[in-house]
Amino acid sequence: GESVGLHLPTLSVQEGDNSIINCAYSNSASDYFIWYKQESGKGPQFIIDIRSNMDKRQGQRVTVLLNKTVKHLSLQIAATQPGDSAVYFCAERPPGTYKYIFGTGTRLKVLA
Amino acid sequence: DARVTQTPRHKVTEMGQEVTMRCQPILGHNTVFWYRQTMMQGLELLAYFRNRAPLDDSGMPKDRFSAEMPDATLATLKIQPSEPRDSAVYFCASGFGNTIYFGEGSWLTVV
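Chains as they are written, first to last, in the numbering used here: chain A, 14 to 125; chain B, 2 to 112.
All the pointers check out, no bait thrown in.
Think about it this way: if two alpha-carbon atoms lie no more than 27 Å apart in a straight line, the pair counts; the simulated DSS-like pairs of lysine-lysine are:
id, chain 1, residue 1, chain 2, residue 2
1, A, K55, B, K79
2, A, K69, A, K122
3, A, K55, B, K12
4, A, K84, A, K122
5, A, K84, A, K69
6, A, K122, A, K55
For the record, the hints were derived by calculation from the structure and aren't laboratory data.
The whole structure should be built from the sequences, with the hints applied where relevant.
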């Protein structure tokens, strides 16, 4: 199957600090991107999305930045809380398809 | 609160047995996906449907896996015969438009 797997990087942040989670995507022509949060034992949960014709989108406490030049996505979480501890995945949609390809994921640990 | 519903939530089966996983997509969603998640491979796309028609099943081992959508409210993923390497969490997701939403997964262990 299509995937990027193996090593899962971990980001540890202090409660109240801002978090930045990065993702490199593979297809320069991908037209849509989503960030998901996955808590232990649960399915991935939608956080925020962005189209390829945008470079920034803000939600509640979260911001996604898209840099198409280097095929890079980032998710910024403001004032990180213990409930933000989870694995975060980015997903890209290749052009001309409806499918989503997921990145490796990053584990976020929030320290009290 | 609309959600994707998957059954069974947990399944332990013996090698060689048939396993069928079911998914009820969110009402009105016309695109349905099957993903598999393992520690080694992350989230892999196995197959997906749009308006009940299979669009891509290139991620699925064809000799033992099959995916169908008998109607708009049911998607199935079948493994026959199952093998220990099939042990994983199988997620169904559905969408209408750009965003897709995941179920809670079917945790499969083949012994």
